[in-house]
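Could you build all of it, start to finish, from the sequences and the hints given here?
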Amino acid sequence: MAASLRRRNALIGLSFVLPNFLGFALLTLVPVLALFYLSFTNWNVFGQADWTGLANLRRLAGDRSFWTALRNTLYFTGVHVPVTLVLSLALALLLNTRLRGVRFFRTAAFFPYITSIVAIAAVWNMMFSPETGPVNQLLGAVGVAGPPGWTNSRDWSMPSVIIVGVWRDLGFYMLLFLAGLQTIPRDLYEAATIDGAGAWQRFRHVTLPGLRPTTFFVTVVLTIGSLKVFDLILVLTNGGPGQSTLVLSQYIYQKGFVQNQFGYASAVSVVLFGICIAVTLVQFLVNRRRSA
Amino acid sequence: MTLTGTRPVTDRKTTARRRSLWPVVGHAALIVASLAVLAPFFWMVLSSLKTNNHVFTVPIRWTPDWHWSNYVDIWTRSGMVTWVRNTLILSVVITFLQVLTGSFAAYGFSRLRWPGRDVLFLAYVGTIAVPWQAYMIPQFILFSKLHLSNTLWAMVALQAFGAFGVFLMKQFYETVPEELSEAARIDGLSEYGIWRRIMLPLSMPAIASLTLLTFVNVWNDYLGPLIYLRDPDLWTIQIGLKTFIGQYNAQYALIMTGSVLSVLPIAIVFLLGQKYFVQGIATTGIKG
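Residue numbers (full-length UniProt numbering), protein chains in the order written: chain A, 1 to 292; chain B, 1 to 288.
Just to be clear, a hint being listed does not mean it is correct.
[Stated by the list, open to error] Not close to chain A: a few residues of chain B, all C-beta gaps over 10 Å, as computed:
id, residue
1, PRO59
2, TRP66
3, ASP73
4, ILE74
5, VAL93
6, PHE96
7, LEU112
8, PRO138
9, THR151
10, GLY162
11, SER181
12, GLU191
13, ILE198
14, ASP231
15, VAL263
[Said to hold, decoys possible] Partial selection, computed: residues in chain A whose CB lies under 7 Å from chain B:
id, residue
16, TYR75
17, GLN137
18, ASN260
19, LEU272
[Unchecked claim] Here are a few chain A residues that face chain B, going by a calculated C-beta distance under 7 Å:
id, residue
20, LEU85
21, THR107
22, ILE114
23, ILE252
What the hints contain is simulated information worked out from the structure, not anything from laboratory work.
Note that beta-carbon positions come from the ideal geometry of N, C-alpha and C, so glycine has one too.
Below you can see the structure in the form of structure tokens.
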């Protein structure tokens with residue numbers, strides 16, 4: 001009796017999960033696993049997957065474009081993550097007050113996030129136009145001599161991409177922080193005020209600890225998002241000028257879909273995969289030690 | 001009055017000072033931030049209503065020419081009708097499947113106990129941390145073998161069974177008290193009935209936010225269509241717009257018109273569902 005009931009329950013449970021799981025397993029899980037196999041082959045689009053062992057890895061080690069892409073990915077992530085984190089937290093603190101216009105701004109800040117990358121790139125490329133764009137005209141008007149060439153210049157192309165990236169992501173992360181702020185009990189602030197804590201001390205000893213789960217979540221999502229940045233760069237600068245904004249996922253796309261070197265592109269993918277997992281694990285461990 | 005009188009004098013002084021200064025500083029910060037966020041949209045709409053010669057002038061022309069013919073021209077010069085139709089089909093079908101199968105699976109993961117449940121769910125959560133760019137190549141090979149690439153079906157399959165929907169719905173189901181389904185079970189409702197009659201209606205806020213998120217993601221997806229949709233008849237608005245920009249790369253006013261049109265539908269959807277959207281992200285995002 002009990003056994004057949006348990007079997008029945010298991011069947012019902014599976015029947016709920018199966019429609020989604022079949023699709024998920026075939027289209028996501030299998031490709032993720034196949035990735036590792038592919039990275040040891042020299043598969044190209046028409047050919048056969050020949051096992052080549054560590055050949056792809058050795059080729060990676062000597063591939064200057066790969067190292068450039070890796071460096072640029074870390075550059076983008078290293079600047080984009082802290083800047084977005086600080087600015088979105090600052091905005092959330094601002095919006096958590098009772099100022100008039102707060103609700104309008106909450107909606108406005110979200111617009112960049114729901115706008116397509118293609119439209120964003122089109123408008124920012126025009127705004128960044130070195131001679132005639134509004135950004136440099138405004139900079140000229142306030143007396144900045146020799147304004148940067150933005151997306152057209154090797155030195156400024158990555159900062160340009162980061163500016164647009166921060167502008168786009170701000171609203172989303174601000175919202176997550178805002179939700180986190182609302183979970184901090186109000187009495188904690190009152191108690192701190194009674195104890196004589198100033199605004200900075202309240203922020204330092206009440207707000208920041210209260211936000212820890214949010215900050216952890218935001219940092220992880222933001223870091224993975226930055227490590228895999230692709231369409232923003234593809235449409236805004238196409239990796240250029242030169243290779244100044246070439247990033248890993250774009251390199252994967254180039255090797256795989258443009259040059260049909262699926263095996264080699266998979267090896268690059270494994271590197272990206274490894275970095276994402278490693279960074280997530282480190283953040284997870286740091287978070288656990290802090291909250292312990 | 002008597003209440004304020006009991007407070008220490010210094011406290012009253014600082015509160016008064018903060019009250020007078022804070023709104024000014026706070027509003028100034030809000031205005032600067034709003035301008036920074038909205039300026040590109042202002043520029044986009046402004047340019048779309050100019051003649052091409054007036055988009056880049058020194059100094060900037062701050063007024064539009066009200067050149068509405070850009071909005072007529074673009075329909076005849078581009079495949080806008082096809083792109084919008086394809087994007088709309090994809091957005092609706094994928095969102096429907098994502099919500100349906102996602103909420104169904106979430107019920108199986110959150111309300112029923114069966115062997116292997118937790119391992120399977122871990123697989124879902126694990127893949128959320130894996131960037132799509134890392135496995136898009138094996139996936140593409142698979143789709144090619146199935147003869148699905150260069151069809152709209154590829155896009156549907158790609159996004160309809162996302163782990164994200166299952167995860168989001170499960171988070172929400174876990175906030176619904178177990179007693180409700182227990183009572184329904186005693187009343188003789190089957191598990192499917194409980195899902196249909198109790199969980200679905202209760203989870204409308206989560207469904208609304210998942211619907212909006214999925215819709216926006218599909219509408220704005222660029223990389224997926226770029227890889228899978230080679231045939232111009234299948235292009236979505238993002239691919240179409242990008243190609244259009246390539247073809248008319250000096251027609252700045254027209255490019256901005258296309259950009260406005262690509263943003264407009266999603267802006268309307270967002271404004272209509274804004275409350276749920278903001279709430280949904282706020283409540284489901286954190287518990288991860």
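Results for each hint:
The non-interface label for B/PRO59 is inconsistent with chain A: the shortest C-beta to C-beta separation is roughly 6 Å, within 10 Å. Listed as outside the interface, B/TRP66 is consistent with that label: its C-beta sits roughly 20 Å from the nearest C-beta of chain A, beyond the 10 Å cut-off. Residue placement check: B/ASP73 keeps its beta carbon more than 10 Å from all beta carbons of chain A (closest about 17 Å). No beta-carbon of chain A is positioned within 10 Å of the beta-carbon of B/ILE74; the least distance is around 13 Å.
With 10 Å as the threshold on Cβ separation, the claim that B/VAL93 sits away from chain A holds: the shortest Cβ distance comes to roughly 13 Å. Its beta-carbon lying about 13 Å from the closest one in chain A, B/PHE96 satisfies the requirement of being farther than 10 Å from that chain. Distance check for B/LEU112 against chain A: the nearest CB is about 4 Å away, which does not clear 10 Å, and the non-interface claim fails. Distance check on B/PRO138: its Cβ comes as close as 4 Å (rounded) to a Cβ of chain A, failing to clear the 10 Å threshold; non-interface status is violated.
Non-interface call for B/THR151 relative to chain A: holds, since the shortest CB-CB distance, roughly 14 Å, exceeds 10 Å. Not every C-beta of chain A lies more than 10 Å from that of B/GLY162, the closest at about 8 Å, which undercuts listing it as non-interface. For B/SER181, the shortest C-beta to C-beta distance to chain A comes to about 13 Å, beyond the 10 Å cut-off, and the non-interface label holds. For B/GLU191, the non-interface assignment is contradicted: its Cβ lies about 5 Å from the closest Cβ of chain A, within the 10 Å cut-off.
Under the 10 Å C-beta cut-off, the non-interface status given to B/ILE198 relative to chain A holds; the minimum distance is some 14 Å. Every Cβ of chain A is farther than 10 Å from the Cβ of B/ASP231; the closest lies at roughly 16 Å, confirming the non-interface assignment. Not every Cβ of chain A is farther than 10 Å from the Cβ of B/VAL263; the closest lies at roughly 5 Å, contradicting the non-interface assignment. A hinted interface residue such as A/TYR75 counts as satisfied when its beta carbon comes closer than 7 Å to some beta carbon of chain B; here the least separation is about 18 Å, so the hint is violated.
Interface restraint check: A/GLN137 against chain B, minimum CB-CB distance 6 Å, threshold 7 Å, status holds. Proximity of A/ASN260 to chain B is violated relative to the hint, the smallest CB-CB distance being about 10 Å (cut-off 7 Å). Hint on A/LEU272 holds. Least Cβ distance to chain B is approximately 5 Å, under the 7 Å limit. Nearest Cβ of chain B to the Cβ of A/LEU85: about 15 Å, over the 7 Å cut. The hint is violated.
Annotation: A/THR107 was flagged as interfacial toward chain B, and the flag holds, the nearest CB pair being 6 Å apart, inside 7 Å. Because the smallest distance between the Cβ of A/ILE114 and any Cβ of chain B comes to about 5 Å, under 7 Å, the interface hint for this residue holds. The criterion of a C-beta within 7 Å of any C-beta in chain B is met by A/ILE252, whose closest approach is roughly 6 Å, and the hint holds.
Of the numbered hints given earlier, the model fails hints 1, 7, 8, 10, 12, 15, 16, 18 and 20; all others are met.
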